[in-house]
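Enquirer: For reference, the chains in residue letters:
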Amino acid sequence: MCGMCGFLQRIPGRRSDLELLARMTARLAHRGPEAVGRFHDSNVALGHSRLAIIDPEGGAQPISNEDGSVWVIHNGEIFNYLELGRELAARGHRLRTHSDAEVIVHAWEEWGRDCFTRFNGQWALALWDSSRRRLVLSRDRLGIRPLYYVTTRERLLFASEVKALFADPAVNRSLDPAGLAEFFTFWCPVAPRTVFEGVREVKPGHLIEVGGKSFELEERCYWALDFPLRGAGSDRSLRDAAESLRARLSEATRLRFTRSDVPVGAYVSGGLDSSVIAALVARESGRPPVTFSIRFTEGELDEGRYQKRVIERIGTEHHEVLAGCDEIGAVFPEVVRHTERPILRAAPAPLYLLSRLVRSRGYKVVVTGEGADEVLAGYDIFRELKVRLFLARAPDSGKRPAILARLYPWMARGPSSTPAFARAFFSKELDPTDPAVSHRPRWTTTRSLLSLLTPGVREEVAGFPVEEELIARLPAEHTSWDPVARAQWLEMTALLPGYILSSQGDRMLMAHSVEGRFPFLDHEVVELANRIPMHFKLFGLEEKHVLKEAFGDLVPAEILRRPKQPYRSPDAASFFGGGRVEWVTELLRPESVRRAGLFRPEAVEGLVAKCRAVGGSGMSNTDNMRLVGVISTMLLHRQFIEGDGGSCETFSGNGRVSGEAGHSPTRDGRSRPMQGAAQISDTPAGH
Amino acid sequence: MQDVRITSGTATIKSDVRQFIVRSFLFGDESTQFADSASLLQSNLIDSTGILELVQFIEETYSVIVADEEMIPENLDSLDNIERYVVAKRAQQPI
Chain V
15 MCGMCGFLQR IPGRRSDLEL LARMTARLAH RGPEAVGRFH DSNVALGHSR LAIIDPEGGA
75 QPISNEDGSV WVIHNGEIFN YLELGRELAA RGHRLRTHSD AEVIVHAWEE WGRDCFTRFN
135 GQWALALWDS SRRRLVLSRD RLGIRPLYYV TTRERLLFAS EVKALFADPA VNRSLDPAGL
195 AEFFTFWCPV APRTVFEGVR EVKPGHLIEV GGKSFELEER CYWALDFPLR GAGSDRSLRD
255 AAESLRARLS EATRLRFTRS DVPVGAYVSG GLDSSVIAAL VARESGRPPV TFSIRFTEGE
315 LDEGRYQKRV IERIGTEHHE VLAGCDEIGA VFPEVVRHTE RPILRAAPAP LYLLSRLVRS
375 RGYKVVVTGE GADEVLAGYD IFRELKVRLF LARAPDSGKR PAILARLYPW MARGPSSTPA
435 FARAFFSKEL DPTDPAVSHR PRWTTTRSLL SLLTPGVREE VAGFPVEEEL IARLPAEHTS
495 WDPVARAQWL EMTALLPGYI LSSQGDRMLM AHSVEGRFPF LDHEVVELAN RIPMHFKLFG
555 LEEKHVLKEA FGDLVPAEIL RRPKQPYRSP DAASFFGGGR VEWVTELLRP ESVRRAGLFR
615 PEAVEGLVAK CRAVGGSGMS NTDNMRLVGV ISTMLLHRQF IEGDGGSCET FSGNGRVSGE
675 AGHSPTRDGR SRPMQGAAQI SDTPAGH
Chain U
10 MQDVRITSGT ATIKSDVRQF IVRSFLFGDE STQFADSASL LQSNLIDSTG ILELVQFIEE
70 TYSVIVADEE MIPENLDSLD NIERYVVAKR AQQPI
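For the protein sequence lines, the chains are V and U, in the order given. Numbering of the first sequence is given in the numbering used here, commencing with residue 15 and proceeding in unit increments. Numbering of the second sequence is given in the numbering used here, commencing with residue 10 and proceeding in unit increments.
Mixed in with the good hints, there may be bad ones.
Just so you have them, the derived chain U footprint on chain V, three or more residues with Cβ under 8 Å [stated by the list, open to error]: (1) 458 to 465; (2) 608 to 622.
One side only, chain U facing chain V, incomplete, derived with CB under 7 Å [stated by the list, open to error]: (3) F36; (4) Q51; (5) P82.
Restraint-style ranges between C-beta atoms, simulated for each label pair [stated by the list, open to error]: (6) V:P277 / U:A47: 50 to 60 Å; (7) V:P580 / U:Q42: 16 to 26 Å; (8) V:D445 / U:F29: 25 to 35 Å; (9) V:G313 / U:F29: 25 to 35 Å; (10) V:T311 / U:R32: 31 to 41 Å; (11) V:D254 / U:D89: 31 to 41 Å; (12) U:S72 / V:S494: 50 to 60 Å; (13) U:F29 / V:Y236: 30 to 40 Å; (14) U:A47 / V:S251: 46 to 56 Å; (15) V:T311 / U:F29: 56 to 66 Å; (16) V:P489 / U:D89: 38 to 48 Å; (17) V:S251 / U:T41: 45 to 55 Å.
Calculated from the structure, these hints are not laboratory results. Quantities reported herein were computed from a predicted structural model and do not represent experimental measurements. Even glycine gets a Cβ: it sits at the ideal position worked out from N, Cα and C.
Construct the complete structure from the given sequences, taking the supplied hints into account.
Expert: Laid out in structure tokens, this is it:
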């Protein structure tokens with residue numbers, strides 16, 4: 015796992031700016047602290063910072079084919095590289111190393127752009143085919159590894175993280191109102207959009223080719239999520255579905271555990287998914303695996319009791335980190351510097367602390383249970399959809415809510431414990447013909463945060479029809495899918511890559527040079543799971559039923575039986591919970607808010623007063639989102655718009671603020687809140 | 010006399026609760042309009058925990074105790090409903 019970056023010049027022959035390449039690479043040092051490499055010719059410059067996991071001796075990058083006509087830099091892993099390498103060798107390719115990166119260039123030579131359909135892995139890569147003068151950017155199917163790009167007058171720049179793009183002063187730094195609209199709806203921007211104007215992200219399952227005189231970017235999809243017709247496969251038995259899932263998930267875990275030349279650890283959350291993966295790892299390795307967990311001081315968030323059951327049953331060498339409010343508040347500015355997007359929950363911060371623990375114990379690869387809730391319909395949003403559609407079939411029935419409350423005690427821990435309010439809640443925006451009926455309440459709740467923005471910014475942001483844009487991306491055949499499958503598609507297209515795998519995934523792991531591997535997101539597991547009849551995934555309202563059936567013998571009974579607990583961390587309490595987090599006071603004071611120009615200072619003042627009054631605890635879900643959203647957006651603005659993202663000096667360790675960049679007016683004298691000082695530059699960015 | 014007092018109290022209830030909502034849930038955003046009859050939940054003005062904040066406000070402001078079984082949309086989910094509920098509730102108990 016690594017960081018990668020580079021650029022393609024619009025006009026070949028000009029000398030590549032190697033100093034720029036060095037600056038870009040240096041900004042990714044946390045992703046790959048062990049080696050740097052570069053390649054450049056008159057067209058292209060490729061930079062790589064390496065975290066050596068496969069073939070530590072031979073796998074340096076950039077790496078080329080036999081005659082040096084194809085070069086690649088690569089972040090991630092192609093897990094089936096051994097099989098692909100044998101196949102390519104049989105077809106006459108000569109491989110010099112035992113690295114997965116070298117396989118990529120030969121696969122490109124052999125199969126062209128079809129090569130990506132043969133990869134099993136998680137990757138973001140840039141490949142330079144010098145004889146065809148084509149640059150290829152490709153990203154894995156589900157968006158596990160990040161890849162951004164931007165064009166300027168002189169070049170196309172690309173990188174694993176936005177901060178490397180901002181190393182080029184010609185790249186405009188301003189917030190994109192459309193990206194913010196997506197954040198204030200879906201919790202995250204949806205690729206290709208980012209929250210930065212002109213900066214684009216390669217879509218999961220896509221590649222982009224660019225080159226030649228026109229310098230046009232050609233985007234191609236090589237893989238897309240697909241679901242069967244509603245009710246298909248209903249003649250299959252549960253046993254058959256469970257056995258096929260068990261076989262495929264075991265193989266996916268084996269690949270991710272064994273394809274590494276350094277030791278691999280495992281995360282244990284106390285939930286079902288990570289327990290299954292840890293148990294499979296233990297079975298594969300034949301000796302006690304090394305496991306890592308987050309603990310919370312807040313009783314209702316802490317899953318220590320369940321984690322203990324799992325590690326006792328499996329027998330692991332266990333490490334844990336205690337994520338207290340003070341620690342979360344203290345690292346939060348660093349967390350946002352890594353997420354490079356605003357967030358609505360502080361939940362990424364404990365994962366930042368966890369990867370720090372992993373690294374301090376000498377590990378740089380972990381497998382986790384990430385993805386199971388999307389792939390096997392584990393989230394409450396899928397169950398709520400079933401409840402809501404059940405209500406919709408008899409809108410005037412007074413009995414249905416009461417029946418629900420009696421049949422499904424989990425509603426007591428849901429949005430409301432009283433049936434009448436539960437009914438009111440579940441009936442919100444309940445139009446069964448709406449393709450996004452599952453997600454509308456969440457989106458609308460999130461959009462209520464728009465009222466915090468200044469009128470001008472709000473007007474710019476609110477007008478983008480981002481919900482309809484996302485729905486329009488549904489494949490035409492979605493109308494014949496199960497409604498839960500449609501909800502899964504929405505979840506796996508927006509929140510999974512945009513938040514779960516990014517802000518809670520890659521970014522928190524790579525902040526401490528740790529690679530995450532996710533067996534549930536093996537594309538063959540996903541394809542298999544999508545074909546499992548829906549009622550085996552969501553059995554009544556019991557989530558991931560088929561997974562429990564498949565692995566009941568490997569996981570403690572208590573873990574199988576426990577109700578699903580969504581991963582949460584303290585939110586507002588991390589900033590107002592007694593510990594003094596001084597930078598928050600400075601960041602949210604009216605002058606700071608006014609200077610950034612994004613939020614109404616009086617709204618932030620009111621929100622802060624409300625949080626202070628209760629020490630940040632017992633606040634509503636929406637208020638917690640409001641607060642974390644304001645803090646993270648303000649941090650992002652300060653670090654990436656006022657600053658250029660290149661330094662973590664914005665807040666020094668004692669909580670004092672350094673580098674008080676002023677809010678520069680534009681040439682017409684008007685204050686432009688979405689834009690930073692670099693905006694005055696004449697250089698156009700974007701497409 | 011009693012009629013007059015209740016009428017003036019009624020007008021205050023709606024505007025008091027409206028002010029509370031604008032202050033506590035909209036953080037002073039006056040541009041979000043909502044009718045007296047609008048469902049607070051359906052209009053996303055208040056989430057489920059917000060209802061509890063509203064109950065606390067009603068209890069403290071009008072010196073009433075909202076029983077668990079009274080926490081239903083018919084009593085609390087619009088300005089009209091809240092007013093009707095508070096008036097009835099106050100009529101039940103000595104002032």
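Enquirer: Compare the structure with the hints numbered earlier in the document and write down the numbers of the violated ones, lowest to highest.
Expert: 7, 11, 13, 15
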